[in-house]
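2 protein chains.
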Amino acid sequence: MMTKPLLTPIRLLAQSEFARARAAAPSAHDRLALVADMCRFNCLSAVKKAGSGHLGSSFSAMDLVVWLYFHRMNTVRVGMQDAARDVYFSSKGHDVPGQYAVLHAAGLLSTERLTKLRRLGGLDGHPDVNIPGIEANSGSLGMGISKAKGMAWAKRTRGDGGHVFVLIGDGELQEGQNYEGLMTAANAGLDGLTVIVDHNKYQTDMTVDEISALGDLEAKFRAFGWAVARCDGHSFAAIEDAFATLERSTGRPRVLIADTIKGRGVSFMEPSREPQPGTYVYRWHSGAPDHESFTRGSEELLQRIRTRFAALGLGEPVLEVIGESEPAVAGAPKEFIADAFGEALVELGARRPDLVVLDGDLAADCRVRAFGERYPERFIENGIAEQDMVSMAGGLARSGFLPVVNSFASFLASRANEQIYNNATERSKIIYVCHFGGLIPAGPGKSHQSLRDVALFAALPHCTILAPANAEETKQAITYLVDTPGEVGVLRLSIGPSPRRIEFPPDYRLTEGRGTVLAPGKDAILFGYGPVMLHEALVASEALARQGFGLCVVGHPWLNRVDAEWLREVVAPYTAIYVLEDHGPNGALGDRLLEALASTGSLDGRRLEKFSVRGFPACGSPPEVLQRHGLDGASLAESILGARPVADMTVDERSYTLDAPQ
Amino acid sequence: MMTKPLLTPIRLLAQSEFARARAAAPSAHDRLALVADMCRFNCLSAVKKAGSGHLGSSFSAMDLVVWLYFHRMNTVRVGMQDAARDVYFSSKGHDVPGQYAVLHAAGLLSTERLTKLRRLGGLDGHPDVNIPGIEANSGSLGMGISKAKGMAWAKRTRGDGGHVFVLIGDGELQEGQNYEGLMTAANAGLDGLTVIVDHNKYQTDMTVDEISALGDLEAKFRAFGWAVARCDGHSFAAIEDAFATLERSTGRPRVLIADTIKGRGVSFMEPSREPQPGTYVYRWHSGAPDHESFTRGSEELLQRIRTRFAALGLGEPVLEVIGESEPAVAGAPKEFIADAFGEALVELGARRPDLVVLDGDLAADCRVRAFGERYPERFIENGIAEQDMVSMAGGLARSGFLPVVNSFASFLASRANEQIYNNATERSKIIYVCHFGGLIPAGPGKSHQSLRDVALFAALPHCTILAPANAEETKQAITYLVDTPGEVGVLRLSIGPSPRRIEFPPDYRLTEGRGTVLAPGKDAILFGYGPVMLHEALVASEALARQGFGLCVVGHPWLNRVDAEWLREVVAPYTAIYVLEDHGPNGALGDRLLEALASTGSLDGRRLEKFSVRGFPACGSPPEVLQRHGLDGASLAESILGARPVADMTVDERSYTLDAPQ
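Chains as they are written, first to last, in our numbering: chain U, 19 to 680; chain X, 19 to 680.
For the record, the hints were derived by calculation from the structure and aren't laboratory data.
Hints may be right or wrong, so weigh each one.
No farther apart than 25 Å at their CA atoms in a straight line, the calculated lysine to aspartate or glutamate pairs in the DMTMM-like style are these [to be verified]:
#1 K219/X <-> E365/X
#2 K352/X <-> E521/X
#3 K134/U <-> E342/U
#4 K134/X <-> E391/X
#5 K540/X <-> E342/U
#6 K540/U <-> D622/X
Treat the numbers as computed from the prediction; the structure is a model and nothing was measured.
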């Protein structure tokens, strides 16, 4: 007889409880402390329900955000449509689960919506202005001061009234754009702008000092002409004093350095000891807690809230159950193609002493930590400074090294675009590894889903872009890029886990400009790349086969190289050609296949249709987002059959996990 | 009877003269001062011969560069192949005519090559590593510290020996990437790296303080953990002392703030008085001097050199004549479509009070100064900080303004790529004006020629890109982008002058997704855009008509919008379709036309061929660069006829001027 697993309810404090707490607590600071813990509790539940999200910085910033919304700002009172409202947004954005909890507490967000964090139609994984209370989109770092400057300029120019507050992370201060904003805002004398640094001393999973130390922050801000104050970011009295000091300054923008504790409020999520360089990895930056941690953390917060409620004579807080947490059951291991990349890199490092690996504070996600441990003298942790990392790689390449530059595709291809071009003009060989390419995972949202990177790289001369689909193809691809004479090499990787392992013929060898048949079919041919879309293509092919329609699926990892003669032969039996892009419609494989087909006259009498991510990528679980874009296997099969429904198809919920990085 | 115009010979001091001067001068500093003046003379001649180039900062940096090459660095002695050599490069890069003159003086560059500044096979307008003595490509600002950091890291890791010196401009310090490099280089403890700030207090044409003041530079560098020294950048004794001070510091990278004078060495090129905010425009940042200024400046320098030569008993310096300067003859006025943009912007500003114009220190080239004078409260001069400018525009748009953001295409589309994407995800309406789009002028070189911007913008959802061809179309295009509901609008402008005025039918109205027939022809059809390539297309059509071949030329300003039905009808009479891109081969009009044709089956039995800029754009005069890329009218005509020579065609030398901005 099976024993029923021990479940923990996932609960939210009802919106009504916040009003009760605020009415009952004797002092303003007591009220705020209680509300902050209540918001932490709800934030923890929302992230657990979502399956991913950022707790560490949601909690470090919580007291500041609560202080702003429930004490300093007029926003809740005057409403979001009033031009005189105070404006708050977070530049780092990944702390938005905490802000959502506060907006919910303030009545700006419904409980129902808070239960749908990172789900379609719910709350985006990073801030989006379509969500009530959200003033700016963020998620890629370093843009907030500049954007807030525009808002403060607009307020001053129109005489609207209201102040602009922007929260930035300490790791975020490694991004150069901040210093552009510091300089120009000071020159504009924008005293309607206050920057708050959530100085929790940790970035992705290590201390800021270990990744790329900030040095004397106060001296830096002063040197840029700002009014500076510093305080304990968890003491409302200290926050109030610091703001009072800043508000006496005029004619200059203001910055508050708030010393905070990452994970504040849940004992085991706070760093347990003084950070020791190189020995400590912080666990609670991103990702939902496991069952046991959720249970413990939730209980700890609730206990504190109950004690306060009892002391205030408020009785038991009202909780609404929104789900259940259960212990993880070990499933079949999934393939992460990035693991294969990381392993191959270590192997290549042994025989290629010129290989240098650069990372921008994503070493774990990018699987480059093993290389760094094996070859510390050839591993450069550059912090969140992609432009600097890429130009440094240019200098290394000019000096005879072969740099392998790692970041998420959306940051690397876009933030460092001009630096990549500049390096390319030197005809240096450099390999850019674009992690988290494509639509999935879709929980982090638009700032992280990279659907333009192929177009950005394909516009470079002498660039080869490879998007492998399984572990072996990944190893072959990085080895090809390292060993083949060439210039710009791009390895585009899904961050995984792969929804299925894509199986290749056992003797598969990567051949320039050519793809591989992964499923036969006589009625139409589809070209795709990467594990996510090839999985969906195979799902479609399998479903269509049951309908008697043969869809041939070809894995084509070369995103901007096409062997036109090979292609001509491959498409010869078909009149219907499809390309499934894990990318926007322009500038990726489809355009190159179309051009190759047109160049050999192979399009005469044939039609090519692209399936791609049109518009901005939706945020949600993988199945719902794939379906929203018409890119899940069932939708693809229906499109190919001409909108006739395909029997025997359901959305494939189980191939994907909800876990998402960043 | 005509009087012969008064000509001034353009002359270079022979390479032999530098050895003579260096051997004869009694003290090291005397030698360096004389060599610096001799290099200024040669630099002035090279720029005059080229027709464009940057004198102001070539002259402000000259004493420092001469000091490095002829005193401090081992580079000339050990040679460019020695890993132990000291490395110097300029991050700003536009001062490279001065460096070329120094490399020539040091024997690293031939006299013949120095006579070919900004010409094909000569010396690029911005540094290129294929030129002897050049260590890094630059020209787009702010990358130098990062790249130098890579070189210094490589030297330290391999124990090569040698030091890395990088020169940066003061205006350049507005770019945020510098601060990434300052932070990471300090954290790496790279004491093999010295940054020299050429602090001449002027940027494009106004003072740094007027554009975007740097504040306390010494405090900034100290706050970033660097060893700092400051000195008169024209006193060799002071330079020597400052370097000696810096070299006593270990474990930290070093920066020398060198106070310099822009245009130093030619009296009238130095700022004539203390800069007065808003009232002074510096004339000698870029562009070749007119005949009279060249004659005066050249004479002033030569007089000083002759006096020194005589005093040293060296006799008359040996000069080689490389050309002649003659007074400008007023020709027919040329059209600049950017003028039409600037005029339209002022008109739109009157009826659109929400219009705000942003500039990144290119106000004159971008023709936005008139708007700034008329509506100073709605003009934002943001300095050389494109990312900050774009994100600020995002904040303005969120606050109800309609921002019109200006810079050169290569900087705006690329440097601020992720910020543009972030703004777009907020679904704000913002107009980006990409000036200096395309191949021509080709003198500034790869850092400035923008041949990827259309692909970069076309990868954005909800973006409309227009590239007008004459003044009226430009006015219609900016008016359309301002008045039509929409999201991201891009106006791509050739910087001009237009090689000819492109004539449209008198009743021409911009119609979404449709082009206009500019020349009839029954045998083939060619689509193009912008004044440069449409001129070449018309030249080709005219030549082919003389051969009895009818090439229909269609101006198609919509680079990512195609009315597929209209297109189907337009191409119906033809089997040969050509697209002439002022862009690289991928991601621009050709791909979109191909897709539209394929979608309606209109490609069956037809062939589409793209003419585009393949590889990196060449540097040179417009005719030679167009010819090199096969995009001049004659080459196009030959390609269309199938490589048969076209009679009666010569390269069109007179339609283009050599004058180039930046």
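Hints, verified against the model:
1. The suggested pairing of K219/X with E365/X is violated, with an alpha-carbon distance near 34 Å, which exceeds 25 Å.
2. Note on K352/X and E521/X: the hinted pairing holds, with a Cα-Cα distance of about 13 Å set against a maximum of 25 Å.
3. Between K134/U and E342/U, the direct Cα distance comes to roughly 14 Å. Compliance with the 25 Å bound is thereby established for this hinted pair.
4. Our distance criterion of 25 Å between C-alpha atoms is broken by K134/X and E391/X, whose separation comes to about 39 Å.
5. With a CA separation close to 72 Å, the supplied pair K540/X and E342/U exceeds the 25 Å bound.
6. With a CA separation close to 23 Å, the supplied pair K540/U and D622/X stays within the 25 Å bound.
When held up to the earlier numbered hints, the structure conflicts with 1, 4, 5 and fits the remainder.
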